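Engineer: Okay, here's what each chain looks like letter by letter:
There are 2 protein chains.
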Amino acid sequence: MFIDMMVEQETGRLLSREKTLGRWRHGTLLQGRHRCPFGPYFKVALNTRTSSTTYPEPFASRMVGREKRPLGDIFELSNFGVNLTRLIPGACSALRHAHSKQDEFVYILVGCPVLITDQGETLLSPGMCAGFKAGTGNGHQLVNRANEDVLYLEVGDRTAGDSATYPDDDLQAALDNDGEWQFLHKNGTPY
Amino acid sequence: MFIDMMVEQETGRLLSREKTLGRWRHGTLLQGRHRCPFGPYFKVALNTRTSSTTYPEPFASRMVGREKRPLGDIFELSNFGVNLTRLIPGACSALRHAHSKQDEFVYILVGCPVLITDQGETLLSPGMCAGFKAGTGNGHQLVNRANEDVLYLEVGDRTAGDSATYPDDDLQAALDNDGEWQFLHKNGTPY
Numbered sequence: 001m002f003i004d005m006m007v008e009q010e011t012g013r014l015l016s017r018e019k020t021l022g023r024w025r026h027g028t029l030l031q032g033r034h035r036c037p038f039g040p041y042f043k044v045a046l047n048t049r050t051s052s053t054t055y056p057e058p059f060a061s062r063m064v065g066r067e068k069r070p071l072g073d074i075f076e077l078s079n080f081g082v083n084l085t086r087l088i089p090g091a092c093s094a095l096r097h098a099h100s101k102q103d104e105f106v107y108i109l110v111g112c113p114v115l116i117t118d119q120g121e122t123l124l125s126p127g128m129c130a131g132f133k134a135g136t137g138n139g140h141q142l143v144n145r146a147n148e149d150v151l152y153l154e155v156g157d158r159t160a161g162d163s164a165t166y167p168d169d170d171l172q173a174a175l176d177n178d179g180e181w182q183f184l185h186k187n188g189t190p191y
Numbered sequence: 001m002f003i004d005m006m007v008e009q010e011t012g013r014l015l016s017r018e019k020t021l022g023r024w025r026h027g028t029l030l031q032g033r034h035r036c037p038f039g040p041y042f043k044v045a046l047n048t049r050t051s052s053t054t055y056p057e058p059f060a061s062r063m064v065g066r067e068k069r070p071l072g073d074i075f076e077l078s079n080f081g082v083n084l085t086r087l088i089p090g091a092c093s094a095l096r097h098a099h100s101k102q103d104e105f106v107y108i109l110v111g112c113p114v115l116i117t118d119q120g121e122t123l124l125s126p127g128m129c130a131g132f133k134a135g136t137g138n139g140h141q142l143v144n145r146a147n148e149d150v151l152y153l154e155v156g157d158r159t160a161g162d163s164a165t166y167p168d169d170d171l172q173a174a175l176d177n178d179g180e181w182q183f184l185h186k187n188g189t190p191y
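Heads up: the sequence lines are chains A and B, in that order. The first sequence runs contiguously to residue 191 in the working numbering. The second sequence runs contiguously to residue 191 in the working numbering.
Among the clues, some could well be false.
Intra- or inter-copy, both count: the list cannot distinguish identical chains.
Keeping only pairs whose Cα atoms sit at most 25 Å apart, straight-line, the calculated DMTMM-like set for lysine to aspartate or glutamate is [to be verified]:
1. K101 - D176
2. K101 - D169
3. K186 - E67
4. K186 - D149
5. K133 - E57
Hint data in this document are derived by calculation from the structure and do not stem from the laboratory. Since we're looking at a predicted model, the values are computed, not measured.
Chain A on its own, in the form it takes in the complex:
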């Protein structure tokens, strides 16, 4: 079976074209929590991962209002990830952080988040983008201080051996051999 798939930006609806038993079915539009007849793709697309931060407390609670849709995973991309991420008013993209190995890139689709780096604050708007080169140590974070939602694309590669530093919080993180983030206090003790 072959599936072509696309995701609608605003709704997260998954538009698919599937071939089963030698016959094409065009433009199937799936809404909501559709039970997936094809495999793991749809579940990934429709689960918005609102609670999927891997931060330990007290940091996990600060990610409320952030919704990630992992678009790249839908297509089984493994070299990099692409998320369609929504921040409701007051929400933020992540703790302010910097990666040792992973390049990151964001492109603003809707709304006006504030980008915070070591150099201060910059107001972004739709059509603007920012890149965060691995290894600079310059922490970055998007915060939605406006009254409307922010929607943006974020891209990050999956280089092995990555780690992250958090200039504003008592936290450090490293990717383990299974690709899971392990979080420690800055003094090295685990959470």
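On the provided structure of chain A, position chain B as indicated by the hints.
Structural biologist: This is chain B only, laid out in the frame that chain A set:
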């Protein structure tokens, strides 16, 4: 000196904030072919690479009307590239092709290109995305058959040892050790 930079979607204008001699200058807006006082960043952003295809003829001529702005390069990202690409009516994204190592992802911002794969044609529209996993051999291409421009983001990683196949053309390509594409006929003779 430190520079924050963002690129405006429609115009390709580069909005920067720079710190020189300990003083921040906010919201510098640069238009057109600005002579770059800061380094290589601006040149990359403002050169639209309309003629930068590396295809040999007769294929290079078929890329007329495709304009790429390498956004990721502006921020010196090296693990993956992000292009903001415009297709005027009649233009296409590339020859239909498939990568052996590089994952690819596109997200449509403006217009309605046709996605062509081994499974046929799918009309895309703004907010839709598609991913092309490395190694499937399923060639893909976007073609703008509409009367308005198409604008999309494309992401691709830079895995070493990549190669590309072109199901519809007498062409094959491989990345050499310098990261340059080398093009051959399908029988192995060079162009």
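Engineer: If a hint holds in the structure, say so; if it does not, say that too.
Structural biologist: So, going through the hints one by one against the coordinates:
| no. | hint | verdict |
| --- | --- | --- |
| 1 | K101 - D176 | both (14 Å within a copy, 24 Å between copies) |
| 2 | K101 - D169 | within (20 Å within a copy, 38 Å between copies) |
| 3 | K186 - E67 | neither (28 Å within a copy, 46 Å between copies) |
| 4 | K186 - D149 | neither (33 Å within a copy, 50 Å between copies) |
| 5 | K133 - E57 | neither (28 Å within a copy, 35 Å between copies) |
In summary, the numbered hints that this structure violates are 3, 4 and 5.
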